[in-house]
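Visitor: Listed in order, the protein sequences are those of chains A and B.
Under numbering that gives the first Met the number 0, the first residue of the first sequence is numbered 0, with each subsequent residue one higher.
Under numbering that gives the first Met the number 0, the first residue of the second sequence is numbered 0, with each subsequent residue one higher.
A few of these clues could be false.
The list treats identical chains as one, so a pair stands whether inside a single copy or across any two.
Unchecked claim - Below, in silico cross-link-like pairs of lysine-lysine (DSS-like), each with a Cα-Cα straight-line distance of 30 Å or less:
no.	residue 1	residue 2
1	Lys84	Lys170
2	Lys68	Lys34
3	Lys291	Lys101
4	Lys34	Lys170
5	Lys115	Lys416
6	Lys291	Lys206
7	Lys355	Lys71
Since the hints were made in silico from the structure, they are not lab data.
There are 2 protein chains.
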Amino acid sequence: MKKIIYLITLLMLIFGDAYAQNLKNLSTIDPEEHKIISSDRADGRYVSSRGVVQYMMRNIQPQLAFNPKFSKEEFKEWQTEVRTKIEELMRFPEVPPQPLPKLLSKKKRDGYTLEKWEIYPQPGSVVPFLMLIPDGISAENPAPAVLSFCGSTRTKESTAGVDELNPLFLKEKHYDNNRMAMFYAENGFVSVVLDNPGIGETSDLEKYGRAPAYDRDTFSRYLLDMGWSYLGLSAFQGQQIFKWMKSLDFIDNSRIAISGHSLGTEPLMVLAVLNPDIHAIVFNDFMCRTIKRATVETKPTETGVRPAANWLGHCVPGLWNWFDYPDIVASLAPRPLILTEGGAVADLDLIKYAYKIMDGEENISIYHYPKYQDPKNRLHDYEFIPEGLDMDEYFQYVNVDVPNHYFKSEVAVPWLKNIFNVVP
Amino acid sequence: MKKIIYLITLLMLIFGDAYAQNLKNLSTIDPEEHKIISSDRADGRYVSSRGVVQYMMRNIQPQLAFNPKFSKEEFKEWQTEVRTKIEELMRFPEVPPQPLPKLLSKKKRDGYTLEKWEIYPQPGSVVPFLMLIPDGISAENPAPAVLSFCGSTRTKESTAGVDELNPLFLKEKHYDNNRMAMFYAENGFVSVVLDNPGIGETSDLEKYGRAPAYDRDTFSRYLLDMGWSYLGLSAFQGQQIFKWMKSLDFIDNSRIAISGHSLGTEPLMVLAVLNPDIHAIVFNDFMCRTIKRATVETKPTETGVRPAANWLGHCVPGLWNWFDYPDIVASLAPRPLILTEGGAVADLDLIKYAYKIMDGEENISIYHYPKYQDPKNRLHDYEFIPEGLDMDEYFQYVNVDVPNHYFKSEVAVPWLKNIFNVVP
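With the hints as extra help, turn the sequences into a complete structure.
Guide: Take a look at the structure:
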């Protein structure tokens, strides 16, 4: 049977390609010719709705953008405004009292204990999470802690380095590198990790065959219709866990960090902004302006399709009116922050500038992808990013080495140990 | 060459089907078994995020739902609240003064003149539209008017019964029936029609080959990120045209109607709510609760995929917190209203009840699809709509005869002529 499937697949690839080739001959466009969305009218107005939206995107001025001319006092006022606005945009629900989190199981592993818990963030909801507790800590000898947010479709189990609950959840690529929560535990941190909504244990029917291809679009959309968002849900669940972590006597509340890989950097930003008592932030993704990215990625395929927006879980309605990611991260100054996968150098320098204003220059560390760590290898530092790019071209402008996107424990963990004075 | 394509297509269909069949054998589920999203926990809580969202959808209570116990005074207060909230949700931009609309061309046709205009609703934007002006009208002899909103991917040209600007824009199915704007002109109305955003003349690269398959998801998404929405944009463009129509001396401002087919019923609802000086409303689609529909359409395919949400242009973030479509339409009482394609009878009766409260029972007309006009043929009137349906099953519950979804000129036009005292 398997051979037949392979044969059919092969035939489909061959015929499919020929078929696509023929379709292409029927109607293709020159991507170069159409890569910039432009108007041929004397008044510059757009008849195409896509053009009108592009015009709006080019001209949007986020009202709470970071201003490098801020005095320290102005910065603090602005920081509060950012916090208030993020709180508003996240629309965390007011919930009646819920049961306390419950310990489900515990298991000794080398150097730490793995506990599985569940928390009840809102009516109808239970969120499982893992807590890895290093040996030898207690109320008398509390440890620093890290709350970790996984990459997009990576489970809490793989992030903690334990077996998947279902073999279908496994993603082999960079599996070892992405055991973020495990690395923290091995290095003396109480390490807590939850799933992104809809992933792994929190998925729906995907465990019956489709995982790790998850449908998060449908419920993300319904959340929007209900005035919420995927990020709001994700951050809210993290927030409830963070609050609970602070109640544990073996955690040193003056040393709680947050760590996010890839998609996980989004709830990370939200929680870091909302909670000044998060004392260090590990941001493991490249830094860029999402508005700019959406505005420049306009180069169509030969069949006339421009790059799609990222998936709906990234959408927080109206966020672009207020700030972009570099502004949000700049507002964290002067709290200890590491960015481990570089990004647009102009934006990174802007964030550094915020730390300078707040006298926290020693609190920010920035690493690039190894490939781009040497400025000589960066092709477009400080270059204006033009419209008309496809995704790959855009990534070149912001120094992203796509195949090597993984949790950079080698820089993140030593940095965090140093910040929190964890003796090896 | 064409023969080769056909051959390849045929082979792909054969092999593709065999391939899908094999995949199916590898991992399929029983749709019946999983059609209801349920929790197997004693506390009824959901681990799956899709389950949590389902729980929220089941329990949402729109704050401005129509209450059939309203007194006339309470109804009027509520009606104002609905208007204020719709205004808030639509987020029409404040724009600096724009140039006046411009006449581009005019052409005499049998019984009326076809004019093409363009309007400048906001900076960067120009929106073309058609106006059909019946013979013999003037400032001394003004005519009633109708502003029409097309079905989803139907152009203003086809809706006005004129040649497509590009043969690719043509949709043959129900072409004749959907010439809504033409029918109104032929019957003595000044008839104005614009494209839905991103369709036909307002599309992007689709004219080079993909039309009538349009990409509206990407720009709809960016509109959300900017705090707006596809419906907001669409309604705003219609609103600017409506305002301008009122300035024309050959239009009788006491007899302006609005007419929408399918997707067009959404901007129709918005404009009708916002403008009490729209004097009659032709709603050409079935009526239902979108929240309920999303909540019951949960039956997965054999490969474990539940029905997707409708496309992103339908999303107005937070709308579900306030009302559903039947509430919005109920708020139009007692203005003349016709619903031409029935829908959920309980919801239609609720709307009728609003008209009763407002002493406008003679102002509302409801027609079902011909197939369901006789109540004997309606399978599920007043029946509770259970969760676990696929789209086709849902349509049975709300009396939708999908293949016959088109503009019902045969009931809409005579009704409107009667309302506005138009002599044949």
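Visitor: Next, verify each hint and record whether it holds.
Guide: Structure-based check of each hint:
With identical chains, the CA atoms of Lys84 and Lys170 are never at most 30 Å apart, being 36 Å at best within one copy and 46 Å at best between copies. Taking the shortest alpha-carbon separations for Lys68 and Lys34, neither the intra-copy value of 35 Å nor the inter-copy value of 57 Å comes in at or below 30 Å. For a Cα distance limit of 30 Å, the shortest separation of Lys291 from Lys101 qualifies neither inside one copy, at 44 Å, nor across copies, at 34 Å. Taking the closest pair of Cα atoms, Lys34 and Lys170 come within 30 Å of each other only across two copies (28 Å); inside a single copy the shortest separation is 34 Å, beyond that limit.
With identical chains, the CA atoms of Lys115 and Lys416 are at most 30 Å apart within one copy only, with a shortest distance of 25 Å there and 69 Å across copies. Proximity of Lys291 and Lys206 under a CA criterion of 30 Å is satisfied inter-copy only: 27 Å between copies versus 37 Å inside one chain copy. When the C-alpha separation of Lys355 and Lys71 is checked against a cutoff of 30 Å, the pair qualifies only within one copy, where the shortest distance is 9 Å, while the shortest distance between copies is 63 Å.
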